[in-house]
Amino acid sequence: MKDQTFGEFLTEFFEFLGRRYDDLLEVGLEHMGLVALSVLLSTVVGVLIGVTTYRTERPREIALAVTGAFLTVPSFALFILMIPLTGIGWPPVIAALTMYGLLPIVRNTITGLREVDQATIESAQGMGMSRGERLVRIELPLAWPVIVAGVRITTLILVGIATIGAIVDGPGYGTFIFDGLARVGSPAAINLVLSGMLGVIVIAILFDVILAVLGKLTTSRGIR
Amino acid sequence: MTDPSAANTPATAPGKIMIKLENLGKQYPKEPKPAVDNLTLEIPEGEIVILVGPSGCGKTTTMKMINRIIEPTSGRIILDGEDVTKADPDQLRRKIGYVIQQIGLFPHMTIAENIATVPKLLGWDKKKIDARIDELLQTVSMAPETYRNRYPKQLSGGQRQRVGVARALSGDPAVMLMDEPFGAIDPITRDRLQNEFLRLQAEVRKTIVFVTHDIDEAIKMGDRIAILQEGSRIAQYDTPEQILTAPANDFVADFIGRGASLKRLNLSRVRDIQLSEWPTVQLGDDHAKVVETLRASDKGFALVLDEQRRPRRWVSAPDLQRGAGRALDEIGLPPEAIVEPQATLNDALNELITANYSVAIVVDASGSYQGIVDIDSINEAIRTMRTDARARARVGLDTDSADEAGQVRR
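Chains as they are written, first to last, in this note's numbering: chain A, 35 to 258; chain B, 467 to 876.
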């Protein structure tokens, strides 16, 4: 391997990609499905937490402290701790990723809702909108761009952390990386780790572009 | 005015009372004094009642208790004969138009969607809502096809304010609450919007409670003014004329400030006063005729009118000498300071001060000459107003019952 030139290495790497193309694509789709599902769950739970806590100081601080604490748990440990609760494969990974994804969404939901102009809310109230109508028709649409920004951050974090999920037999490019880890020293190791890493980067960029477009489409032209 | 109920009942024979505040109070926890202290106030149907006072006097709190954005801690609110102190606040608010200083348009909704808010809450069908949107945009002089689908950020401050008013009118409420609605707008636009609003109000005849800290705005906009002291205590509740000419106490006099007489000039219009006579000549008259006219009067100059009696020129005796043989519209000075009968005396005074001959020419809508306003006519008008107001105040003092006091003004 030491005698290999960079050119030879590249040729071999591309041959590897060609050989494992189907595999790479399938694992990639699994990785995307895993992240998409976790982000969706994080968004639903995170927005709900944000909506219920943004008005009062204490609950708001607790929500941010707890979801922040989730992020400090080493992912390796959390995935393994999930096994008794969920078994192995997809479920522990999705549960753990959902927890990791909460903080940016909860934080941005609270920030977005608190930044809505008080005069706008007061005029909605003065027109006879109930608290629920105000939230759904005025506050959430106005906070939406900030919430979407949180979802994008969550997505980027989860695309990366999802690779560790392979430790509990989860899907995604983590399987390539852990395979590579198991064969350190053999020529295939580098190819496996590198292809897994590149796959993660491609997915991260893809998701970010999709969310940017989606965010734009779902935000009113009046506040863009 | 020693009897508080007499002071808080309109001094004009009221029609129907639309809003009645009975011993209304707001005590915030941990505050030593109530923000609103036992306020009783009657607001007649179809009038603009201004709550005015120094900042912190409780005027905004008072207004916001009417639609219960702020809940009163004591007293009752009677709206159109019905006690709404405990009614469902959302249902109540849909029947009350609400305009605040920051306007508070919904930035993510189009102008049409903004205006449709209350009709939607009231459950109108789409056709009726669409028609209402167009009607209201026209009412506030904004072309529906241009503005319907715009967003608030695409409008100027003045246009946003108009949309705010249109939105508050959308559910056709009988009552409107306006909290410094023109406060955040530049003076020129504000003046225009105030005039537009008064014109609109002449059509729709809503009962309006209007909060401002600006006594000039209060005088201009109000059918009645309640001047409030700390704790929303009423210092005087009366028509603008009466407040300016017969302030009830030192607080009111201080609050009106200097120049009450000048402010009063905003309340009378040129059509209400006796115009002065002035020598006039026709455009085709020869100079001899003009000299004769000038000799016959004590004025030093005559107004030249054309066939339609439109003012064309001022000419004086020296002009005639210098311009011997020339047509009357080629000598002298062009007419200036031309006002119409609906102009206020303040406008007329402003014009005549800056005019060369110190008089304002009054013409009707077609431009035809009606008469002259000079400083004497304005003087006379001020004197009359003062005498009338004193007489009214005297009768008000002699009368015990609010009803009788109410008869005085009409």
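Hints listed in this document are in silico derivations from the structure and should not be mistaken for laboratory results. Worth double-checking, as some hints may not be accurate.
[As the list claims (entries may be wrong)] Derived coverage of chain A by chain B (criterion: at least 3 residues anywhere in the stretch with Cβ under 8 Å from a Cβ of chain B; other residues may be distant):
(1) 91-98
(2) 146-154
(3) 172-181
Idealized CB from N, CA, C, for every residue including glycine.
Hint by hint, here is what the structure shows:
no., hint, in the structure
1, 91-98, "violated (count 0)"
2, 146-154, "holds (count 3)"
3, 172-181, "holds (count 3)"
The structure fails to meet hint 1 from the earlier list, while all remaining hints are met.
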